[in-house]
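**Q** If you read the protein sequences in the order shown, they are chains A and H.
For what it's worth, my numbering labels the leading residue of the first sequence as 1, then goes sequentially.
For what it's worth, my numbering labels the leading residue of the second sequence as 186, then goes sequentially.
Simulated from the structure, these hints should not be mistaken for lab results.
By construction, the Cβ of each residue, glycine as well, lies at the ideal position given by its N, Cα and C atoms.
Check the hints yourself; a few may be wrong.
Derived contacts from chain A toward chain H, CB cut-off under 7 Å, selection only [claimed, not checked]:
#, residue
1, L11
2, C15
3, R16
4, I20
5, F51
6, N52
7, G92
8, S95
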Amino acid sequence: MNGYVQGDPMLCIGCRTCMIGCVVAHEGRHIFEVDPDGYDFHPKLKVIKTFNVSVPVQCKHCENPACMAACKSDAIHMKDGAVQIDRDKCIGCKSCAEACPFGAVQMVTLKNEANIDGTPKTVANKCDLCQGLPKGPACLRVCPTAALRFVQEEDLNATVQAKRLGTLKLTVAAEAQQKQTPVCK
Amino acid sequence: MGVHEIEDAALLFVFGYNGADSHPIVARRIVRAKQKGAKIICCDPRRIETARIADMHLQLKGGTNLLLVNAIANVILEEGLCDYDFIQKNTHGFDEFVETVKKYTPESVEEQVQVSAEDIRKAARMYATSGRSMILYGMGVCQFGQAVDVVKGLANLAIMTGSFGRPSVGIGPVRGQNNVQGACDMGALPNVYPGYQSVTDDKVREKFEKAWGVKLSPTPGITLTTVPHHVLHEEDPKKIHAYYIMGEDPAQSDPDLAEVRESLEKCDFVVLQDIYMNKTGQYADVILPATGWCEHDAVYSCCDRGFQKVRKLIEPSGDVKTDWDIIQSISAAMGYPMNYKNTIQIWNEVIELCPGFYGATDEKIEKNVCVQWPCRSKEEHDTGTVFLHRDGKFAHPDGKAKFAATDWRPPQELENEEYPLSFSTVREVGHYSVRTMSGNCRTLRNLEDEPGWIQMNPEDCQELDLKHGELVKVLSKRGYCITRCLPTDRVKKGATYMTYQWWIGACNELTIGNLDPISKTPEYKYCACRVEKIKDQVWAEKHIREEYEQIRSNMGIKVKGAVA
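If we strip away everything but chain H, and leave its shape as in the complex, we get:
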């Protein structure tokens, strides 16, 4: 579905997605849907902005996603609210699905989920009967050790109610990073070439070998999150010796930072290509300075598969090159010359090699502003695909949707005596990702700056004798950081939340490297922590100032006030 379709849904089922903080422009669509009369069901452990304006807020306990999703499916089944015609014609695996889901009655999960059976039933009825229900989900689904199963669970809800293949229905993943869709589209995954063409498919590989004039490996690579393991614990030939990092700051954004630092230190050769210095840069052997978003031409993919052009507005200054020029130069130095003159030449090659993108010519994107793939024909009438699965035709070889129900499993590290609180990373609206860019925007820094905040329920604060703004120490099994206490009744008792971009309040010191077995995404949304009061606040304030200066000096930052 297209992002613009959000406005016209009859019901928005927003699950683990905080639009107001992650994507205010998408949040605007949610607000507009509400204005147009849509019902909203918000499933989130926090009282996020969407929860305030929702018709129902299911404030579930963190880590119980699949229990809730399966219980909703259970109600839809039990109360006969399925679209049996759609199920019969366009799906398979329904019987096995029923078998799994039938034990998840609302009554059996209400205690763990902390949402009453009655409310679960009510939400299920609303979702199944609105006529145009759309699911939006975000990192509150994906950043768990059990993530893909929950995505499939949400898809089950859409399949069983026939909520696919029409406008303003379906299931919308609202991505965690800008252009993460584009990175995947362009084959920045270990198992596919651009356009999601498998590296293990001989025909595909031959096509790319012919186009590029080189032999290519038929073996899938490894995922980003398993790099520390391959540096620290594998032997040759599986061991990683060199690590080339582009536009990413793993020493800030990856879980269990102590392990990440160890792997960056022990890796023989680290290259960082970025627009500003960052934490990872401190471990790099070579830094390749690249241009920023207004200094080069490019194509982005929006989360709804829409290709959009980014245009160069100003000439870059200083010793920098565009990313594609850097790659081209490195490639040439390694014995494979590339001779692209501009990004249009590169784009033309992309669409020639990817059938799903073939029709998305530069001229067409220019003319239509946005072209959503699949766009298979260069004819003018093919302006792309707004929503997928039209007429119930799905991407599986048999054209049918597949039910896939799994049993719930809890997060890996639960609250315990030593670490009695749950901990989750979240976003805040003013700072984007690891703040490589937004940290250099003065006014955004004026709104929020180091060392950030830990959101805690006022009752927990009272028990620990903590006041608003006080510096506290947050610890997990893996490490600790210092941040400020933010008492707020928008979070439940026993749960804590921090945003992950701060250098001092670096909450990924705490997070756990537990990965979803399929997506390999880490469990950023759940681990156990403890918050300690710091008696000497004067010392703590001085300590964070010194620490900040130390990090800046390690990064070689000299300009007063500049972040990097």
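Isolated chain A (complex conformation):
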């Protein structure tokens, strides 16, 4: 199963440090350039705030990704447990951004890369789980309240199991049954 980064709105304080951590992880030393136009500021996750919720929204690395199916230029692939966009192959057709049910894909214009004819290059951008970084996703390492976690198969299974137990407790008949039958020792 692909892992994914998930935020907890009860811990998130909406500070957007994750968004900066993301850019720093992907732009490296470029962020030290004095000219803010000298590097790309395209966070691959976005903090969304509503009346009751603040939390970053990012790619869930679907097992059967709508973005990948929609891609017209074979630029989206499953690689090392993550859905990846190949910027060189991306033709900027926006199909993936429209297809993604979570709003996790955004079109971005690159400052330091151009099309062959010199026009600005616009490509699809989304979470890549910081592949290649030895310490894993930067967003969850920089979060001051540890509101983000990397969810893998066993984590998801644990969550599901906890919910199953909750369901059981809600089932009156099952609970009554438990009380009725004494334990023989």
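We have chain A; now place chain H onto it with these hints.
**A** Structure of chain H alone, referenced to chain A:
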């Protein structure tokens, strides 16, 4: 109390304090308290981050703080939830307090406060009965024309429930500026020497005169916020002729900027000492460039009275000096030579002259990382004071806490026909204070940049036909600025909010110079405004770009992309 105690409170009563935007590291403690099972009551006109995770959010109408605080006290009294033993032993003034507060029934204030009497009662019961209730308050209390009274009102709640002198209780002011506690500790107030020793006390003055070898004035000075008045409206000898400004940008941060500019222009001589050029610098006769935080050694005081060391990491480059070296050089040029070699020598002099800091030696701060004053003994066992008023002993001469109830008064300038919306300045997490420092951080500028935003309720936006991101003109009686519209249901209908650091969207053009009579802090949190649609958005976008270039050129900024 210490900031770390927040985590272990049973109930946090967060009043006019937006930790997530002002101090994310303190906000982390609030989140952790919640994780550990603390109840949270959040009193704030906006749906701030703390409000989302709170057990109760009292979304009061701005400017009604004391009504709500007094009504909560009223419930605690009426329902007999006071700690009478504590009141009897450790306080005085209770009867007068009861007399004032008894008329503030929840029912009598609910309409003005816009919180139901039932919710006020519920919050009061929760606060009074948790066993370990801690109050945190911030600029949503202090930046009103009636501020000190509300602080006292909150203290009343803590006194009447015996919530003092134990871990994880009490009342925590979470300060507006980094090291504002340190500035006060070091006597950057008009009425005290370092260590809160009064300038009018003969014994104290003699001590400092002896230590420094000069005659000192027994008269308190004036506060920062009354400088414009003393430049523009006073006659000699009260008139101010020279203004030496260090690490402050009044032409950006003070209320009613038109008046501030006039006073800076008319003042005979203005000196600015800062690490970057800023708006005030445009009016300065002399600019003294200082070093930044990683270019010098220093001691900070945290909001919980904790002294902490700041260490030099890199050699400063260019024509700059540390702040203490600049002061030393100016002093020498004015005929009073100082001969400090380093900050440790200065610190040693500070603690020698201040009994409350006497035990906080450099070695002790180094060893313990943080030492909270009072720390009166140099012995190793005295590692400072985490929380004050242990065993109900207070700082008044008789050792008792004093109840102080006052009646509510409304903000000075209320909404009216011409200016139908209320206006308040706030913070945002990415930019610190007047952005002298954070405005030079590229990634933070990428997150938020000129001309900033005005937060408005979506209904108000709809009435004015405003969309997200559209440039709008915001006006008050005193001035106007241009900023972008941010519709959000986190703010109430009729209320607007802007952060105060933007050069173009400079919201202090709008704010009012109404001061709290005691603290002299301006009413940044309340005035009346009007928002106007700008039909020609193309013109507006061009206008703000030109304005930005103009400000940069006035400041002499030449590097592309650099802010200052």
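**Q** Was the hint right that N52/A lines chain H, CB cutoff 7 Å?
**A** holds, 6 Å
**Q** Hint check: is the beta carbon of G92/A less than 7 Å from a beta carbon of chain H?
**A** Violated: closest Cβ of chain H sits about 22 Å from G92/A, beyond 7 Å.
**Q** With a cut-off of 7 Å on the beta carbons, see whether L11/A makes it to chain H.
**A** Because about 6 Å separates L11/A from the closest Cβ in chain H, which is inside the 7 Å limit, the hint holds.
**Q** Is the interface hint satisfied for S95/A? The criterion is a beta-carbon contact with chain H at less than 7 Å.
**A** With a minimum Cβ separation of about 26 Å from chain H (threshold 7 Å), the hint on S95/A is violated.
**Q** Taking the least C-beta to C-beta distance, is I20/A closer than 7 Å to chain H?
**A** With a minimum Cβ separation of about 5 Å from chain H (threshold 7 Å), the hint on I20/A holds.
**Q** Under 7 Å, Cβ to Cβ, is where R16/A needs to be relative to chain H, so tell me if that hint holds or is violated.
**A** holds, 6 Å
**Q** For the hint on F51/A, does the least C-beta distance to chain H fall short of 7 Å?
**A** holds, 5 Å
**Q** Given a cut of 7 Å on the nearest C-beta pair, is the interface hint for C15/A held or broken against chain H?
**A** It holds, given that the least Cβ distance between C15/A and chain H is near 5 Å, below 7 Å.
Violated hints, listed in ascending order, are 7, 8; each of the other numbered hints is respected by the structure.
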